[in-house]
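Protein chains in written order, with the numbering used here: chain E, 1 to 211; chain G, 1 to 752.
Be a bit skeptical, because a hint or two may be false.
[To be verified] Straight-line C-alpha distance at most 30 Å; calculated DSS-like pairs for lysine-lysine: (1) Lys374/G with Lys169/G; (2) Lys66/E with Lys374/G; (3) Lys35/E with Lys422/G.
[To be verified] Per the computed footprint, the stretches of chain G lying under chain E, defined by three or more beta-carbons under 8 Å from a beta-carbon of chain E, are: (4) 487 to 498; (5) 706 to 715.
These are calculated hints, taken from the structure and not from any lab test.
We put the beta carbon where it would ideally sit given N, CA and C, even for glycine.
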Amino acid sequence: MDTNLNTILEEIRQNPFEKQVITTPHTGVLTFSVKEGAQVKGPGGKWLQRPGSLLFTVERELNSKKIFSPCAGEVSWLHTELEGSFTEAFEPVLTIQYRLTKEKVIERILKQVLTVFAAPQRARYFLSPDFSAAMEKNACPAIKPGDEIFIMSLMKRDTILPYSGDGGVVQNVFFKSGSIVDEGTPLIGVCPPENLESIQKLIAQVRSEWE
Amino acid sequence: MKDTNKLLSHLHDRALYLLDIKQNPKWSGIGELISRLQTLRKKIFDMSHETLIAELKMLDERLSFLEQRAANSLTSYETVNIVRNPARFTLQDILENVYDSFSELGGDGECNVDPAVVVARAVITRRIKNKVYSHQVMVIGHEKGKSEEFRNGGSAKPWGNAKALHYMKAAETEGIPIHSFIFTPGAFPVEDYPGAAQAIALNLYEMAMLRTPIISFTSEGGSGGAEALGLSDMRLMGSRGYYSVISPEGAAAIEGKLREGEKVPRELIERCAENLRITASDNLKLGTIDRIVEEPPLGAKRDDYAFFRRLRYEMIKATDEVVLRTKSLKAFRAYAMKTQKNGHETGFEDIDVVIDWGLSGPELNRLLDMRSQKYRAMGSDFYIEGKKGIVDGIFKLTEVAAAGFYELRYGLIRPHERNVRKVLAEVSSEGTTFLKKVAEPVRAAYDFIFPQTEKNQRINRTHETSTRSIFIEDWEPYVSPLANEDRTVTCPNAQKYGCLDLWVPDLYGEFAGVCPTCGHHFPLEYRWYLEHLFDRKSVAEFNRHIASGNPLNFTGFEKKLEKDRKKTGRCSSVITFDAKVRNIKIVTAMFYSDFRNGTVGAAEGEKFVRACDKAKMTRRPFLAYIHTTGGIRIHEGTVGVSQMPKCTLAVREYVESGGLYIVVYDNNSYAGPVASFLGAAPYQFAIRSTRLGFAGPRVIRETTGDDVPPDYHSAKNALKRGHIQGIWDRRDFRKKLHNALLTMGGPNLYYK
C-alpha cells in the first residue's frame with residue numbers, strides 16, 4: 001500500500017475527531033453559556049428549523065446576539081479569558097469536537113486522493129456509448145480531460161459533456177446510467193492509475209474496521 | 001334467554017354511552033352500575049330467568065333515572081361529548097332515513113376527492129291525503145363516517161369544499177334547493193390548492209348570491225369549516241348539537257396560555273365550553289341559528305327513527321318557508337304559512353300543502369335580498385353604539401343627505417351622462433372619418449406653409465391631477481416611535497444573507513423598517529401606514545363610536561377589553577375611514593394588532609359592513625388593509641363566526657355593484673377573516689415578510705400530526721399557491737396601491 005495513503009489513515013486513527021472552531025461574528029462583549037467539556041446539540045427538526053445549543057452571546061450597541069452551535073459534539077476548548085470582555089471580530093472563542101463517522105472518514109480519504117467530477121445541473125445522465133464499451137472491457141478505464149464520457153439529457157435535449165479535471169483511471173462511477181442526478185452530486189471519481197488498487201483496499205479496510 | 005341477553009347488551013350499551021357523556025365513573029354510581037352489568041353478563045347462565053328479569057328491570061329503572069338526571073343537568077361540555085360519540089347519527093344515516101332515494105356524486109367511500117364531504121342528489125317526499133309528492137334536492141354535507149379513518153372525522157380539505165361548491169352551482173343551474181348538513185369539527189388546516197382559507201372564502205362568496213334556496217342543519221359546527229357549507233336561508237340545528245368558534249380544548253389552550261404538548265386541565269375546558277355558549281339554545285338566543293330540531297334528551301343515535309321523521313318534516317317545512325317568503329302572492333303565502341303552523345301544532349307527520357320549490361327570476365331576487373337582510377342583522381345586538389342624542393340625529397341626517405346626493409350623482413346623472421358621451425363619441429368618430437377625407441389635403445398644405453411644434457398631450461385621467469414623484473412630499477414625514485432608541489438589531493436572515501446589524505434610528509427612520517441587505521420587513525405600528533400611505537390630512541375616520549362588547553359575558557373578558565381600550569384609545573380592532581391616495585378618494589378598513597390582536601367580533605363586522613356600504617354609496621374603491629388579524633374573536637363565540645358570512649355578503653354586494661375591492665395583508669393574517677371577506681377579494685396582495693394562512697403551525701401540528709416547514713405561511717408561498725396576486729415592498733406601498741387603483745379600477749375606478 002502506498003505510504004502516503006497509509007499516513008492519511010494513520011493520522012485519522014490517531015485523531016478520529018473533526019473540530020470546528022467557532023469565532024465571534026463581530027466585536028462585542030462576550031458571555032459564555034457553556035463550559036468546557038459540555039455536550040452541545042446541533043440544529044434539529046426536519047428542516048433544521050430548531051437552533052442548536054446556545055454557546056455564547058455577543059453584545060454590541062445593546063444588541064445581544066445569540067450564537068448557537070452549528071453541529072453536535074463536545075466543547076473541547078474554551079477561551080475562558082474572553083468572558084465578560086470586549087472581543088474583536090472573528091476571534092476564536094471555542095472549539096466543538098465530534099467523532100468522525102465511517103462515511104466521513106471515507107469522504108475525507110477520497111477527497112484527498114480522488115478527483116471528483118460532479119453533475120453541473122439536475123438532469124438525466126448517461127454514459128457515452130464509447131465510454132460504456134470501455135467500461136465493459138476494463139472496469140477502470142483511463143480518461144483524460146476533454147474525453148466525451150457523459151450525455152446530459154434534459155427536456156428532450158441531449159448535450160455531450162466532456163470530462164474536465166486531472167487525468168487518470170475511473171475509480172468509481174457514482175450514478176446509474178439513465179438516472180436523474182441532482183446538481184453537485186458526484187458522477188465519477190478519478191485517481192492516478194498507480195493508486196487505484198491501494199485506494200480500493202483502504203476503503204474496504206475502513207468499511208470493515210471503523211466503528 | 002335470547003331476549004334477556006339482548007336486553008342486557010342494550011342496557012350495557014346505554015350505560016357506556018352515559019359514561020362517555022359524563023366521563024366520570026364516580027358520577028351517581030354509573031361505574032358501579034356498569035360493573036354490575038358486566039358481572040351479570042358473566043353469570044347470566046347461572047341465574048334463573050325470573051331473578052335475571054327482576055335484576056334487569058331494576059337496573060333498567062336505575063339507568064333510566066340516571067339518564068333523566070343527566071339530561072336535566074347537561075353541561076355544554078357534555079353536549080360536546082354527545083356530538084363526538086361514535087353512536088351519534090351521521091350524514092349517511094340522514095341520507096338513508098330522511099330522504100327516499102339518493103345517489104352520491106363525486107365519490108364513493110374512500111374513492112373520493114375528499115371523503116369528508118359527501119354530495120348527493122336526493123329525493124324527499126311528502127304525503128298528502130295518501131298521495132305522495134316528491135322534491136329533488138342537492139344534499140351536501142360532512143361525513144364523519146363510522147370509525148373510518150379516511151373520513152378525517154368530517155374535516156373538509158380545500159378540495160372537498162371545492163367539490164361542494166361545484167355541486168352547489170349545479171343545483172343553482174338546475175333550480176333545485178340545497179340541503180346542507182354540517183358535521184365538522186373544523187376545516188382540515190392545509191395550505192394547498194390554494195389553501196383552506198381560500199376554499200372557504202370562495203364558498204362563502206358564491207353562496208352569498210347563489211340563486212337557489214339553501215337550508216342547513218348543524219350537528220357539529222366547528223367554526224370556519226362549518227361556514228363553508230353553512231351560509232343558508234334557514235339555519236336549523238339539532239338540540240344536542242354544538243356550534244362554536246373554536247373547540248373547547250382550543251379555547252382552553254389559549255385562555256390558559258398553555259405551551260404545545262401541555263395537558264389542558266379538564267376544569268378549564270369545561271369552563272371554556274360554558275363560556276363559549278355553544279349549545280343549540282345558546283345559539284338560538286344569540287340569533288346565529290333560526291330553529292332547533294328537537295332530539296331525544298341525550299342526543300339522537302343512528303337508530304332513532306322518530307328523530308329522522310322529525311328531521312324530514314323540519315327540512316321540508318324550512319324549505320317551504322324559505323320558498324313561500326319569496327312568493328308575491330301574499331294571500332297564498334299567508335294561507336300556506338298558517339297551514340304549516342297548524343301542522344306543527346298537531347304533530348310533525350303531516351304537511352297539508354304542496355309547494356313547488358322552483359323559483360322564478362323576481363322570486364330569486366327577493367330570496368337574495370332576504371338572505372342579505374338576514375345576515376346583516378346578525379350580531380347587531382352585540383356591539384355598543386356610543387353616539388346618541390342630537391349629534392346622532394345630525395349625523396344620520398348628513399348620511400341620508402349624502403346617500404341622496406350620491407344616488408343622484410351616480411345613480412341618475414352618471415348613466416345618462418355616460419350614454420350621451422358614448423353617442424357623441426360615436427357620432428364624432430364617424431364625422432371625423434368623413435371630414436378627414438375632405439380636410440386632409442387642405443390641412444397638409446396648411447401645415448407645409450405654417451409648420452407648428454407638437455402640442456403637449458393632454459393627460460386626462462379621472463381624479464389624477466398630479467404626476468409628481470411620490471418621494472417628494474411637502475411635509476415633515478412621520479417617524480415611527482420605534483426609532484427613538486439608540487441600539488442595533490440583527491436581521492433574522494443575517495446568517496443566510498450576511499445582513500449587517502442595523503442601527504434602530506436608521507432602520508425605523510430612513511429604511512422604513514426594511515433590512516437594506518435582504519429586504520426583510522420589521523413590523524411597524526399601524527400609524528406609520530396611516531401617515532405614509534395616504535395623502536396628508538386626507539384621513540377622515542367614521543363610525544369610531546361603534547365599540548366591541550362582551551356579548552357572551554365571557555368571564556374575565558371585560559377586563560381585557562378595558563385594558564386594550566386604554567392602551568389604544570380606541571373601541572374596536574378596525575379603523576374605517578375615507579382617505580386619498582395621490583388624490584384618488586378611497587374608503588378603507590384597517591385591522592390593527594394593538595386591540596385584541598386584530599380579531600373580528602360583532603363591532604368589527606358591523607364597521608366593516610358599513611364601510612363597504614359607504615364605498616358602494618359613494619362609488620369609491622374599497623381597500624382592506626390588514627395590519628394584523630388573529631381571526632375571529634373567540635370571546636364572542638358564534639356571534640363572531642357569523643361576521644364571516646355577514647361581511648362576505650356585504651363585499652359580494654359591493655363587488656357586484658361594480659366596486660373595486662383590494663385587500664392588502666401585512667404582518668400576520670390568519671383564520672376566519674382570511675377565510676371569508678378578505679380571502680373572497682379578487683385582488684389580494686401582501687407586504688413582504690407577511691405570514692398568512694388559515695391556521696398557525698401549532699394548530700396544524702396538533703390537528704394533522706404533521707409538522708410544517710418554517711416558511712409554510714410566508715407571502716412567497718402564498719403567492720406560489722395562488723392565494724395572493726402579488727407581493728409589495730413597504731417602501732413602494734403607496735406607489736403600488738396608486739398604480740393598482742388606476743390599472744384595476746380603470747378610468748372610472750368603479751366598473752358600472
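Of all the hints given earlier, name the ones this structure violates by number, lowest first. Hints 2 and 3 are the ones this structure does not satisfy, whereas the remaining hints hold.
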